[in-house]
Amino acid sequence: MGRFLARRLLVTILVVLVTSIVAFSLVHLSGDPAVAMAGEGASAADVAAIRTLYGFDRPLTVQYVAWVGKVMTGDFGRSYYLRESVMQVLAEHAPITAILGSLALAFALLVSIPLGALAGLKRNGLVDRLASAVAVTGQAAPSFLLALLLIYIFGIRLHWLPISGNDTALHYVLPAVTLGMYATPALLRLTRSGMIEVMQSDPIRTCRAYGLAPWRIVIRHALRSAIIPVVSLAAVQFGLMLGGSIVVEAVFSLKGLGQLAWESIQRSDIEVIQALLLLTALVYAGLTLLADLLNALLDPRMRLS
Amino acid sequence: MTLVRGVILAGMVAIGSALPGTAARAGKADDTLTFATANEVDTVDLYYQNLREVVIISQQTCDTLMYRDPIENSYKPLLGTSYRWIDDKTLEFKLRPGVKFSTGKEMTSADVAYTFNHARQPDSGVVTRLLVDWIDNVEAPTPDTVIFKAKAPTPAAIEYLSGITPIYPVGHYDSAPTVETGGKPRRDYGAVLPVCVGPYKIKDFKPGASVTLVKNDQYFDGSPKGKPAIGTLIFKTIPDTDTQLAELVTGGLDWIWGVPPENAKQLAETPNVTVKAAPTTRMSFLSLDAAGRSGKNPMQDVRVRRALFYAIDRKAIAQQLVGEGAEVLTAMCDPRQFGCTSSGPAYPYDPAKAKALLAEAGYPNGFKTEIYAYRDRPYTEAVMNYLRAVGVVADLQFLQWKALRPIMEGGKAQLAQLTWGSQGVLDASASVSNYFKFSVDDYARDPEVRDWLEAADSTTDPAKRKDLYNKALTRIDDQAYFIPLFSYGRTYAYNSDLDLPITPDELAHFYRAKWK
Numbered sequence: 004m005g006r007f008l009a010r011r012l013l014v015t016i017l018v019v020l021v022t023s024i025v026a027f028s029l030v031h032l033s034g035d036p037a038v039a040m041a042g043e044g045a046s047a048a049d050v051a052a053i054r055t056l057y058g059f060d061r062p063l064t065v066q067y068v069a070w071v072g073k074v075m076t077g078d079f080g081r082s083y084y085l086r087e088s089v090m091q092v093l094a095e096h097a098p099i100t101a102i103l104g105s106l107a108l109a110f111a112l113l114v115s116i117p118l119g120a121l122a123g124l125k126r127n128g129l130v131d132r133l134a135s136a137v138a139v140t141g142q143a144a145p146s147f148l149l150a151l152l153l154i155y156i157f158g159i160r161l162h163w164l165p166i167s168g169n170d171t172a173l174h175y176v177l178p179a180v181t182l183g184m185y186a187t188p189a190l191l192r193l194t195r196s197g198m199i200e201v202m203q204s205d206p207i208r209t210c211r212a213y214g215l216a217p218w219r220i221v222i223r224h225a226l227r228s229a230i231i232p233v234v235s236l237a238a239v240q241f242g243l244m245l246g247g248s249i250v251v252e253a254v255f256s257l258k259g260l261g262q263l264a265w266e267s268i269q270r271s272d273i274e275v276i277q278a279l280l281l282l283t284a285l286v287y288a289g290l291t292l293l294a295d296l297l298n299a300l301l302d303p304r305m306r307l308s
Numbered sequence: 039m040t041l042v043r044g045v046i047l048a049g050m051v052a053i054g055s056a057l058p059g060t061a062a063r064a065g066k067a068d069d070t071l072t073f074a075t076a077n078e079v080d081t082v083d084l085y086y087q088n089l090r091e092v093v094i095i096s097q098q099t100c101d102t103l104m105y106r107d108p109i110e111n112s113y114k115p116l117l118g119t120s121y122r123w124i125d126d127k128t129l130e131f132k133l134r135p136g137v138k139f140s141t142g143k144e145m146t147s148a149d150v151a152y153t154f155n156h157a158r159q160p161d162s163g164v165v166t167r168l169l170v171d172w173i174d175n176v177e178a179p180t181p182d183t184v185i186f187k188a189k190a191p192t193p194a195a196i197e198y199l200s201g202i203t204p205i206y207p208v209g210h211y212d213s214a215p216t217v218e219t220g221g222k223p224r225r226d227y228g229a230v231l232p233v234c235v236g237p238y239k240i241k242d243f244k245p246g247a248s249v250t251l252v253k254n255d256q257y258f259d260g261s262p263k264g265k266p267a268i269g270t271l272i273f274k275t276i277p278d279t280d281t282q283l284a285e286l287v288t289g290g291l292d293w294i295w296g297v298p299p300e301n302a303k304q305l306a307e308t309p310n311v312t313v314k315a316a317p318t319t320r321m322s323f324l325s326l327d328a329a330g331r332s333g334k335n336p337m338q339d340v341r342v343r344r345a346l347f348y349a350i351d352r353k354a355i356a357q358q359l360v361g362e363g364a365e366v367l368t369a370m371c372d373p374r375q376f377g378c379t380s381s382g383p384a385y386p387y388d389p390a391k392a393k394a395l396l397a398e399a400g401y402p403n404g405f406k407t408e409i410y411a412y413r414d415r416p417y418t419e420a421v422m423n424y425l426r427a428v429g430v431v432a433d434l435q436f437l438q439w440k441a442l443r444p445i446m447e448g449g450k451a452q453l454a455q456l457t458w459g460s461q462g463v464l465d466a467s468a469s470v471s472n473y474f475k476f477s478v479d480d481y482a483r484d485p486e487v488r489d490w491l492e493a494a495d496s497t498t499d500p501a502k503r504k505d506l507y508n509k510a511l512t513r514i515d516d517q518a519y520f521i522p523l524f525s526y527g528r529t530y531a532y533n534s535d536l537d538l539p540i541t542p543d544e545l546a547h548f549y550r551a552k553w554k
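Those sequence lines, one after another, are chains A and B.
In terms of my numbering, the first sequence opens at residue 4 and continues consecutively.
In terms of my numbering, the second sequence opens at residue 39 and continues consecutively.
Keep in mind the hints are simulated off the structure, nothing from the lab.
Treat the hints with care, as some may be off.
Claimed, not checked - The list that follows gives simulated cross-link-like pairs (lysine-lysine, DSBU-like), each with its CA atoms no further than 30 Å apart:
1) B:K222 / A:K73
2) B:K189 / B:K475
3) B:K353 / B:K66
4) B:K552 / B:K265
5) B:K244 / A:K73
6) B:K114 / B:K265
In isolation and in its complexed conformation, chain A is listed as follows (with noise of 0.2 Å):
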C-alpha cells in the first residue's frame, strides 16, 4: 500500500509540473497579458505600464522561476484582477463548486443507481425503457439547453425555484439537476449493465439455488458486485464537476470554480490559472485514489492484489 501510495504522489507530482509548464506556457503564447489586463479600451501608453508594471517584460522562464519559488514556500500569490491573495479567491468559489458537485453526483448517483439496476432485473421492460430515455435525454441535450428548460418551467412559469445566485439552498437546485443529469446517463448504462452481468453469474446462480430472498440478492450480493465500476466512473464524474462546469455555473449565475477559470482565462489572470490547475491535478489524484480504496472495500479481490 506504501508503494503504490508513493507511486501515485509521484505521478501527480509529474503530471502538475508539466500542465503547470504548459499552462503557463500557453497563457503567454496565446496574447499578451498586459493587453488582457489593460482591457480593450486601453491605449497603447496603459498597456506599455501594466506590462512594466506587472513584471510581463521580463525572460517568460524568470517568471515561472519566480513563480514556481513563491509556490515552493506556500505563497499561491495574488489575483491580479480580483485583487486578493489566491488562496482567498479559492476559498471564496470552491465552496460553491464543492455543493454544487456534490448535490450534482448525489441526484445523479439517487436516479442512475435505481434506475439502472432495475433496468438490469427487468431487461426491455418498461422501466428499461424509461432508463433509456432517461439517458438519451441526458447525454443528448447539451448543458445550456437543459439549464434554460429548466429555467424556463420551474423559474419562470411555476416560480417555484430562483433562477440565479447561490443565496439560499433552493438556488441550488435548478443547477445540480442540470449538472446532474450530465453524469446521469454514463452511471444508468454502467449500474444496467453491470447488473445484466452479475444477473448471470455463478455467485448468483447459487444465492438462487440456495433460496435467497430474491430481494436479499439483489441488494446484498448483486448490486453491491455491479456497482464496482460505477464507483471509479463517479470518482472521475465527481472530478470533472469539481473541476467546475462553466456553463452550468455562467447560466445560474454561480461563482464557481469554472466560472473563475473560465474568467481568469480571459483575463490572463495567471497565477489564479496556475492554482486552479494545480488544485484540479490533486482532486483528480485524491479522487482516484479514493475510488481505489472504496473498490477495494467493495471487492476482497482487489484487497488481496
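Got chain A; can you put chain B on it based on the hints?
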C-alpha cells in the same frame, strides 16, 4: 445553438408576457434598483478600472470637478464652481464650499491636489493614463482654490475633469496593501474602497460579484446631478444574457443592457419592461496599411483604399445587422466629440465604382488578403462579403484581443476590423489623435495629419482646434487611410416603473432615476 437558445428565450419572454400579475417586481416595492451586466468588477475605483460598469458606479458615488450633462451635452460646475485658464498651461478652479465626503469630512483643495498628484505619478498604476498624464503638478494655494499646472497646453482638460476623475480625501490611499508583482513590491491602490462626495455611497462591495450603494443623505443641494430619488442600487454580475433576460422578465432585475437585437422586439412587448436603444461612442472601423508597415501591399494605393470604402454598404450593416442605436460613421471620431467634423468625400455604397477603381489600380480581378478581427465576427463576415463582391477575397484571422494587439502594434496587419470607445472622452483628441500621430496604431504615417493633430491637441482656441481637426479628418477621409464603418448602439431593457433617461454615452445615470 443560437437558434435553440432563441426559441427557449422566446418562450421565456412569451410566458413573462402572459404572467403580468404573478411576476411581482420587487424594485419599486422595496425602493431598490437592481441592475446587472456580464462583467465582473474587481474595483470600483475608476482610476484603476476602465470598465463601463465602473464608470457607471463611480458616477453614482464620486463627483468630479465638472459635470457633463448627458442630455444637454454641456459642461456644468460640480465640485468646482468656476474655472479659468490663467495661461495656456495653468488652470485654476474655485471649489464649492461646504461640500462633505460621505464620511462627513469637508472637501477642500488639499483633497483635490492629493488625488491628482497621486494619480499623475508614473508608478501610480492608473489604468487610463490619458486622463492624468497631462498634469505636471496640482497646487492648493487656498482651501477653495486649486491650480493645475499642465505639461503642455491641454484644451481637453475640462473633459478629463468631467465625470471620470473622482476626488478622494487626503490620505485615501494610505491603507493600500503592499503586494508583490513582477518580482518587486508595489502598492495596490485599486484595492482601497473609494470614499467620495456623491449622490450615493458604497455600502457593500464583493469583488467580482456585487456592489450595493445607498443614497447619501448628506449630498449637497444645488448639484446639477440633482438629489437621488431611489434608496438603494445593487449591481450584480450575471454572465449569461439569457439569465439576465429571464431575471428581468420575472422581476429579479430592474435594468440590463446589451439586449441582443433578435430579442429586443419581443422583449419590448413584455408588460412591465421598457426597451430603448441609444448610440454609443464605440466606433467600428477598418484599419488599412497605407504606410506599408506590413510590407508591400495593395492598401498602399489610394485607389484601392477608396475602392474598399465604396465596396461596403455601411448603412445596411449598421441598420440591419448591428441594430437599433447604431449609426453610420462619417469620420474617424464620434459625432458627439468636440472637433469631429470632416469635409471629406462621403463614399456612398457603389460596388461598380469600387470595381472600376480596383481595375484602375491594376487589380481588375481583385486580390487576396488577410483581415484581422477580434469582436463581433458576423459584422466582419458582412464586410468580407461586400469585399468579395468586388473581387477582394479576405481570409479571416479572428483572434482574441490580447493576441491581436501585438500584431497591430507590430505593424503586421494589412487589413483589420477594430473598435475604439475613446475611453469615454468626448473630444476628438481621444479618437482620431489616437490613431494618426505616429503611434504604434498609426498605419497611415502621414506627417501632415500628425502635425495638424499635434496642433489641435495643444491649442486652447476652440475655433482653431475645430479647424485643425477638420483638416486632419478631411485628409484621412480623402486618402481613405481608415474606413469608419459604424458606431455601436446599446439596447437597454428596464423595469417600466422606472423613469430613467437613456443617454448616448453608454452609461446609466441612476442618480437621475425615480419610480413612476
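Taking the hints in turn, this is what the structure says about them:
1. B:K222 / A:K73: Satisfied, since the Cα-Cα distance of roughly 13 Å is no more than 30 Å.
2. B:K189 / B:K475: holds (18 Å)
3. B:K353 / B:K66: violated (40 Å)
4. B:K552 / B:K265: Cα-Cα ~11 Å, so holds.
5. B:K244 / A:K73: Holds, at roughly 27 Å.
6. B:K114 / B:K265: holds (16 Å)
Checked against the numbered hints above, the structure violates only hint 3.
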